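Both chains come to you apart, so use the hints to assemble them.
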Amino acid sequence: MSKFIQKITRSQLFLPIVALILVLVFNVIKTPTFFKITIMNGTLYGFIIDIINRASELVILAIGMTVVVASSAGTDISVGAVAAVSAAIICYSLGPSQEAYQVPYLVGISLGLLGGVLCGIWNGFLVAKMKIQPMVATLILYTAGRGIAQLICAGQIIHVEKTDYRLLGSFLPGVPFPTPVFVAILVVFITWAMLRYTALGMYIQAVGINSKAGRLVGINSSMIIFLTYIYCGLCSGISGSIMSSRIAACDANNIGLNYELDAILAVALGGNSLGGGKFSLAGSVIGAITIQALTTSLYAMQVTADQLPIYKAIVVVIIVAIQSSEFKKWFSNLKRKHAIKAEAAS
Amino acid sequence: MIKFFKERIDEKTYLLLITILMFIVMYGAGMIIFADKGFAKPQMFFNLFINNAGLIVTAVGMTMVMITGGIDISVGSVVGLTCMMLAYMMEFMKIPAGLAMAVVLVYGILFGCVQGFLVAYLKIQPFIVTLAGMFFCRGLTAVINSEMINISNAVFLKIAQFKIYFPFLATLNKKGKLITPFIYPSVIIAFVVLILIYIMLKYTKFGRAIYAVGGSEQSALLMGLNVRTTKMKTYIFNGFLASLGGILFCLNTCAGFVEQARGFEMEAIASSVIGGTLLTGGVGNVIGSLFGVLIKGTIESFITTQGTLSSWWTRIVISLLLAFFIVLQSIFASIKAKNK
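Chains A and B are the protein sequences, given in the same order. Quick note: the first sequence uses this note's numbering, first residue 1, plus one each step. Quick note: the second sequence uses this note's numbering, first residue 1, plus one each step.
Treat the hints as calculated values from the structure; they're not laboratory data. A quick note: this is a predicted structure, and the numbers were derived from the prediction, not measured. Beta carbons are placed, not taken as given, at the ideal position from N, Cα and C, and that holds for glycine. Accuracy of the hints is not assured; some may be wrong.
Claimed, not checked - Facing chain B, according to a computed beta carbon distance under 7 Å, are these residues of chain A, among others:
(1) I132
(2) G147
(3) A313
(4) L334
(5) H338
(6) I340
Isolated chain B (complex conformation) (with noise of 0.2 Å):
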């Protein structure tokens, strides 16, 4: 049985393994201590989905650009701008919803273009690349508007409302009522995503360039492919990804304001990490990330259903957590080097 094991598990399904059973762990505790709270009700699962929509669009983004050896700490920024430009545009502009979030996906591949044409043919590092990206859309938020603009598009408001019921989970609460749980569209616009992108990064030549990339350049560049354009379109598929995730972040929030998503980049890439990315690259899977990404959710639902706590401590625990796997990884990779 062990044997069995050994043969079938290397250090890739090891590190996501790792994180799907701390998940099921970590909310499994959540339904012991919180019971009283409603942590073990279905609705509380599906809020999971509903708060991290966005985050799961970006993380499936930051994976992709993880894989081939990069990264890309500009998508909280890329999101926070997302969320100011579809407010003003929707509010100042009264340019429709629809129209509006077009020119936001236009934005999004345009900086992704950007970025991916200085690191993949310039060659700079990309992470001075998306660090001076990152200040560059936070700038330009501040340029639109330093206020903060409420969304009150009837449209708009419509599809972040909509929802969407689950007849068969619903439960009795303490009063007799009946409570339906629904999640809202934006999930299933991840889900979409995920798969898409699921599918795209395991059949299809693209994806599989990638980890060739990122496993090893030089290997790649001798087998024929074109290791410039492979970043290139990767950091292009990332720029969308990133302010399609802010449109659905937007969905949640319905606001638009200077401060918003800061820090987020920090969760998208702790959330790959997590799911068993790794920083070397030529490793990942968009399934782990999506439990990245659950985890840091069920970690803020700890710390909102506790009460007491301040929500700093969702980063610092968020932080730990990074360097934990990090450290995980790094072990991991010192172990390989020496059974070389």
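Just chain A, with the same shape it has in the complex (with noise of 0.2 Å):
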């Protein structure tokens, strides 16, 4: 039975899976019809679909983010800044009237996600061509890219009127769910089945691991991390084209904004070190579901968004402490004495 008990909390999806169920209990004793769910005009609504709902764009930022930090043990933060560049390249070709786009639609978004996957480049030829800190590397694209992305939009805020420009952030018609789901779930799954039926899921570990080990038994080390950036660029790419549908606008300041810190905490939550290595894909996903429910909670409280980051900011230090090997070290050592002690009491 112990060993049983042992088997679950050591697996790796113990944490995120208690830290949602706790956020879902909590919600539910606020508010009791949490879990209820009802159909209006062929579409489902309830707190527990508009969570998965707004959690799509996270989570495709969150499996982005994943491998980056797989491979390179540092953290892409400029996927928010990212994701603004590509929701305004996007608004940009598409234009404003209300009768046609400028551009047919698949192109304007192939533009944008375009544009995302040349921010990938930029971040991965600094990373892995350069040798420099993932982190200042993409610092540079988090402070340019929304200066870049409010060059595009001119400063203003370019709205697309044109109506099924919408679909892709709300319902297509005649089905009950909402869109970025299915988005955000073919993501996952052409991610996993890439990781799972190649070698690459095997080769990101083991760059992530030891750079130089995974080098010298044949791996193209900065390669593969390049690769890495190239596909977070092309998740931001994605997540901003939903957050710009959904408001069907490009508002250059706002769009992703915090979002990096949501990324980088729904990797961290989903029990992925951010050291690099060994990585879960569904750790992540739930991760960042359960940092939504705790956004959407936090939001039910009357917290604003300015400040919604102090409460997310607390749970991260929280957390990675928690991960630190040295809080591990004196954690195992306080173990230890315990149990000197005990055998000394018997």
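Okay, structure coming up:
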């Protein structure tokens, strides 16, 4: 029995699932109708649906962040700004007309995603080829990205008036589930399949654990790191397109604001070490949903969007502190002392 | 002659020389291009210092942290929080200016203690700790007040607007009126801090320990230096300097609001890096950081004097410049590795 419990608590998914359950239980106590799902106009409504819906962008960002963290032991803090760049490109190319887009819809979206990929290439180039610490390298786009988005939008908020632009961020006709959820599931599935059925997943872990050893066994370490950054850029682009579709506009100052912290938090909460190496996509996905549940419940408690980061910052520090090797050492020392004392007593 | 230089100039001074040369070339170019817009006047030069006094102090703190091999991206939001705290305390709680400043400085020290503890004793990556710190301070600013507060405290405004004139640099303007260039007390404070930290880094035990820890933690440990306390002290110093920088920044703007000083951390990091501080630690000089700040200030005055470009360009150009210098550092490092 105790072995079984140990097996469960040792599992990587233990922490994120417990955290998610805690947040959900807290919400049920506060609002008894929390799990109620109603159908209005053929679509599903409810707190849970709302959380899963809003979590989609974060799930996508967290997937990109997970591979980056795993391969390079550093985080990409430019994801929010890159999302804004993509959103700006999409809105700029589709144009504000009510009747027709300036360019076909798919072309506009592809251009936006291409923007995200280009940002990823820039980050990847600095990190993988120039060997600059990931966070300093991505700091450049973190500050410049919003400036670039502003320049594309010419300092204004571009609205896309054509109504089917909203479909990506809301409901497809006749489908009860929100569209972003499908996009998120698709991204997760493709990533999972890619890492599971090719050797890529193993390569990323090998590079993350020890890039020199990885190189010695014949893995092109810098290429792997480069690819993960490009993938992260693509993920940021996808979530940027969803974000802008939700509001049918591009607000360069606010799209994806503070999402970098959420994405890092999701990865850390998912039990992934921020030191690189082993990773679990499922952990990050559950982590992202937990963060969104937390955000939604904080909003329900009258916390404004500006004040939100304060709570998340505290949670990040606590999680990372618990994960840190120094803390573990201290904890195991404490345990050992306890055991010795107990032995002496008996 | 060339041999003489080759012997004396290593990679550290090389980066610093590039920076100083770059500043002189940029400012000189500005004097020629914008001659009609007053770029050559002494006041324009002093404005560089007046506008960036806070940044000088913050960049000095950042340089110290970067020499230990760490980084602090929370300084921007500490500056924002400092302004908000000052404004709130003086306007809504009617606390005298001196006490309000003392409270802010104590907060900076405490904040530095927490960050230093997490980095030095729990060995968490500095970037993660200070990223959390950045969001924490930004959130706290919003908790204090989400509106813009203008400061009207008489003592504070008096300090902010006290002009120190330089009569010997006086020039006549187009209408024949005598214009005497001036600076504000914040510039003097910034320079005092700069000189004190320069002396500390160069001639005190603690200062040398900072370089040793950044150069190689392992060797510093073997030499018998207390690596943890050195790092911790550096972060405390940085917290103090960031809030002092915030006060100087506030003396310049005389207001507090949530979005204030966003991206300030980037400017501080860029100034340090442009000034020759290596991201890998162990190498750096506060004089270089001063020139980094001046280069940033020159770019800013280019963009404001030019008039048609949006202020977003400042950030983009600074970011590009940072990227350029980082790449330069990385090239130097790889050349050095090859020579070994």
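Evaluation of the provided hints:
1. I132: Holds. Min distance 5 Å.
2. G147: Holds. Min distance 4 Å.
3. A313: 4 Å, holds
4. L334: Violated - the Cβ of A/L334 stays beyond 7 Å from chain B, reaching only about 15 Å at its closest.
5. H338: 22 Å, violated
6. I340: For A/I340, the interface hint is violated, since the closest Cβ of chain B sits about 25 Å away, which is over 7 Å.
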